[in-house]
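Taken in sequence, the protein lines are chains A and B.
Heads up, the first sequence is in our numbering, so the first residue is 1 and it goes up one at a time.
Heads up, the second sequence is in our numbering, so the first residue is 1 and it goes up one at a time.
If you are wondering where the hints come from, they were derived from the structure by calculation, not from laboratory data.
By construction, the Cβ of each residue, glycine as well, lies at the ideal position given by its N, Cα and C atoms.
Take every hint as true, because none was put in to throw you off.
Below, a sample of chain A positions facing chain B; criterion: calculated Cβ distance under 8 Å:
#1 N41
#2 Q42
#3 G43
#4 L46
#5 T51
#6 S94
#7 R96
#8 Q98
#9 F99
#10 F101
Covered by chain A, per the in silico footprint, the following chain B stretches (three or more residues, Cβ under 8 Å):
#11 43–54
#12 106–116
Residues per chain are reported as follows:
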Amino acid sequence: AQSVTQLGSHVSVSEGALVLLRCNYSSSVPPYLFWYVQYPNQGLQLLLKYTSAATLVKGINGFEAEFKKSETSFHLTKPSAHMSDAAEYFCAVSDRNQFYFGTGTSLTVIP
Amino acid sequence: GAVVSQHPSWVICKSGTSVKIECRSLDFQATTMFWYRQFPKQSLMLMATSNEGSKATYEQGVEKDKFLINHASLTLSTLTVTSAHPEDSSFYICSARGQGALETQYFGPGTRLLVL
Numbered sequence: 001a002q003s004v005t006q007l008g009s010h011v012s013v014s015e016g017a018l019v020l021l022r023c024n025y026s027s028s029v030p031p032y033l034f035w036y037v038q039y040p041n042q043g044l045q046l047l048l049k050y051t052s053a054a055t056l057v058k059g060i061n062g063f064e065a066e067f068k069k070s071e072t073s074f075h076l077t078k079p080s081a082h083m084s085d086a087a088e089y090f091c092a093v094s095d096r097n098q099f100y101f102g103t104g105t106s107l108t109v110i111p
Numbered sequence: 001g002a003v004v005s006q007h008p009s010w011v012i013c014k015s016g017t018s019v020k021i022e023c024r025s026l027d028f029q030a031t032t033m034f035w036y037r038q039f040p041k042q043s044l045m046l047m048a049t050s051n052e053g054s055k056a057t058y059e060q061g062v063e064k065d066k067f068l069i070n071h072a073s074l075t076l077s078t079l080t081v082t083s084a085h086p087e088d089s090s091f092y093i094c095s096a097r098g099q100g101a102l103e104t105q106y107f108g109p110g111t112r113l114l115v116l
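Work out the full structure, taking the sequences as your base and the hints as a guide.
Pasting the structure below:
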């Protein structure tokens with residue numbers, strides 16, 4: 001069975017500070033892992049995905065995530081937060097049949 | 001590439017009426033489309049999975065007679081909320097999966113439904 005846990009439903013960072021959003025997964029098969037961003041009243045935009053290639057995955061808007069099998073983690077980071085990064089972030093694991101979403105983390109960026 | 005559109009983006013209707021939401025893959029053929037429902041401040045809840053040319057598979061607890069899904073072509077799936085009631089008010093999001101990267105879903109912008 002697949003599942004995703006996102007630690008911290010709300011994260012606040014100052015503009016220019018490091019962004020770290022945590023995601024741990026459980027998967028009975030080699031996982032495909034994703035981070036999506038959702039702005040208010042919009043759909044989900046793919047930030048990045050891990051599909052068993054390089055463990056450090058670079059995505060759009062300066063985000064990256066590292067797959068750590070030993071820790072079953074796929075944390076999302078960005079070195080310097082921008083005001084436009086304020087949004088809801090979802091981690092998901094796929095077994096190729098369907099997605100299993102985390103509960104989401106709301107990121108607030110403080111000017 | 002991999003753009004998914006939804007129409008309408010907003011719909012307000014009276015209780016008892018039916019509402020149709022369209023989901024289109026604009027630049028790829030979607031063998032599978034998914035319909036999700038999202039409540040405020042919550043994650044996405046999968047409602048059903050549809051494969052082109054076959055009946056949709058509904059998740060447990062989702063009324064198939066209320067939420068009619070049709071996936072008539074490789075670029076279009078529709079969700080019809082029949083006899084809508086205020087409790088059906090929600091944000092509905094579709095996603096599509098192509099024939100290439102089967103592990104990835106591309107999401108539409110969502111449809112906000114308000115039933116009065």
